[in-house]
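Participant: In case it helps, the numbering used here puts the sequence shown at residues 7 to 623.
Honestly, I wouldn't trust all of these hints.
[Said to hold, decoys possible] List time: in silico EDC-like cross-link candidates among lysine to aspartate or glutamate, alpha-carbon distance up to 20 Å: (1) Lys423 / Glu348; (2) Lys423 / Glu451; (3) Lys480 / Glu454; (4) Lys423 / Glu454; (5) Lys480 / Glu451.
Because the hints were derived from the structure by calculation, they are not lab data.
Here the structure is a predicted model, which means the values were calculated and not measured.
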Amino acid sequence: MNQLLRYLFIVQYDYRDSSQAIRARIVGALSGFLALLALVYGSVVLVLLITSLDLALEFSASSVLMAPALLAWTLTSLWLIQRGRLGVASALISVLLWAIALASMLSNGIAAQTVLTVPLALTYTGVIYGTRGAVSSILASWGGLCAIAYLQAEDLLTAEAIALEDGMYDALISSLLVTLLALTVWVFTSNLERALTRASRIAAQSRATVETSQVLSRILNMDELITQAVDLIRDRFAFYYVQLFLVDSTHAYANLAAGTGEIGQALLAQGYRVAITPRTIVGEALDTGEVRYIPEIDNTAFRRLEMLPDTRTELALPIMVGEEVAGALDIHSLLPDAFRSEDIEAMQVMANQIGQAIRNARLFESQQEGLLQNRRLFLESETNLREIERLNRQLTGESWREYILERSLSQMGVQMKGHEMHTTAVGWTAAMEQAMSRQRIVIQESNEQQVVAVPINVRGQVIGAIEVTHGADKSPSEVRNIVQAVAERMAFSLENARLFEQARMSAEREQQINTITAQLQGLNSITDVLTTALNTLGQALDAEEGQVRLVPLSTDTNPDAAPAPAGTTGNNGQPPQPRRSGIRDTDTYNIPRDIQEDDPGTADRAGSTPDSQDKAP
């Protein structure tokens, strides 16, 4: 039963147009009501035919067949409504109502029954078909009532005959009532139609606004965003031309950022912009931050663009990003006064959505720039870190090579066999060489023994290796972990020991240099300075032999230039003249080993004798 009632009174078909959906509900409800009425009437007639033969004889054949015919007619209308055939279903019900009204007039003449059936048909026609239906119904009612009055006066109807004047009077009164009812229905349907049209327009604009906003919210590229925005607004709302301006950094001009069609591309190519002043519609909207609407541009002092000669109406809306006017949305229409209040509100919502999308796009671009900057800094840091690690390895390797070379050793190491330690003639095993070259742990097995070799790594530079041989009964992983841990700590201790020894050696060298410098500071003779310096230097370095040589400079050459080789000439082929410095051309002081071992005074005397001086050739 619920399914039957649902089918009779609830429209299942999805009518997209709101006005059509309302008409479908009206037609469906009336069809369902008439179907139930036909069902009840048919059931009563059937019961009477079965229970009382006398009453059955009073029903005519048409009365008996009227119930199933009415039921079939209304069910057909309901079936058409559920299939989306609203026009055909509405026409069926209209024909049925006017047929009932006509049958009532033919049967009863100008009577109360007639006055009740005609308004029902007239109201239905006016609601479903609007003004045209109401006017047609009035004309049909006037003509029908006058015709019925004439037929009743001529006694051509089954109703009681009346005088023609009385019949026409009744027809006139009935027609006036019908006309008054029709006017009421017309006012109601007109307002309803306007309300439905406005509601449908607002619903369509809302759908278009939501769809456009959804598309724009997914775009984070600024150029693509503004281009898609103007194209979507023009297509979804059927406008003539749409363009979008963005305020420049000086806040004195607004540059055209996007425009629809070929006109927009041409204006972009020209670098079109407007000043933010009240001289233009867009400039005034940007200047005041309020919507500017021109219903008829020809009636204002504003001039239309030369490329848009057909513009009749223009609407400029500011685009707000936070509290700041970031741009303007400019919309052109071919129709005069094309924008109603709901249209302007919808476009204002659209402009706000564009402003939010622009803000999101700018934030995204700013974040992308920040990410790129961070990535660049990260890559630079990685490069610098790798360079520092390379320099550390290089410096560590050079430091260890110098440390070993200073001790005149090709390698350093310790070897343990049994309980004995050997520090000389320590060679490299194959496992140790592999650990050094591969820079990782090497494990070898031979003769039920296992060899574990671990590289010694100092700041990324391998300076050696440690090898341990143990029995197969030991856990390989445990031995490897222990040896690796010892190698790491040993590397740290070796580096500290090397640094300590190098620091001590540097301190000793500095002390020796200071001692030599102190001895030289008290001398006033060049010969004493040379002999003392060479003697003390030989003692400090344990040298076998040493020399100090002074070479005079030419008087006509740059003092910073290198001295001329022996045997060359200058000054027009003449040998260079020595400076008047008290030193001969070339003085050489040789300190033999036996003199170096004497006291400084002896060295001075030996160096100052003419026999100990070797002149340069």
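Participant: Does each hint hold? Answer for all of them.
Facilitator: Hint by hint, here is what the structure shows:
For the given pair, Lys423 sits about 100 Å from Glu348 by alpha-carbon distance, which is inconsistent with the 20 Å threshold. Proximity of Lys423 to Glu451 is assessed by CA-CA distance (about 18 Å); at most 20 Å being required, the pair is judged to hold. Note on Lys480 and Glu454: the hinted pairing holds, with a Cα-Cα distance of about 11 Å set against a maximum of 20 Å. For the given pair, Lys423 sits about 18 Å from Glu454 by alpha-carbon distance, which is consistent with the 20 Å threshold.
Taking the CA atoms of Lys480 and Glu451, the gap is near 12 Å; set against the 20 Å cutoff, the hint holds.
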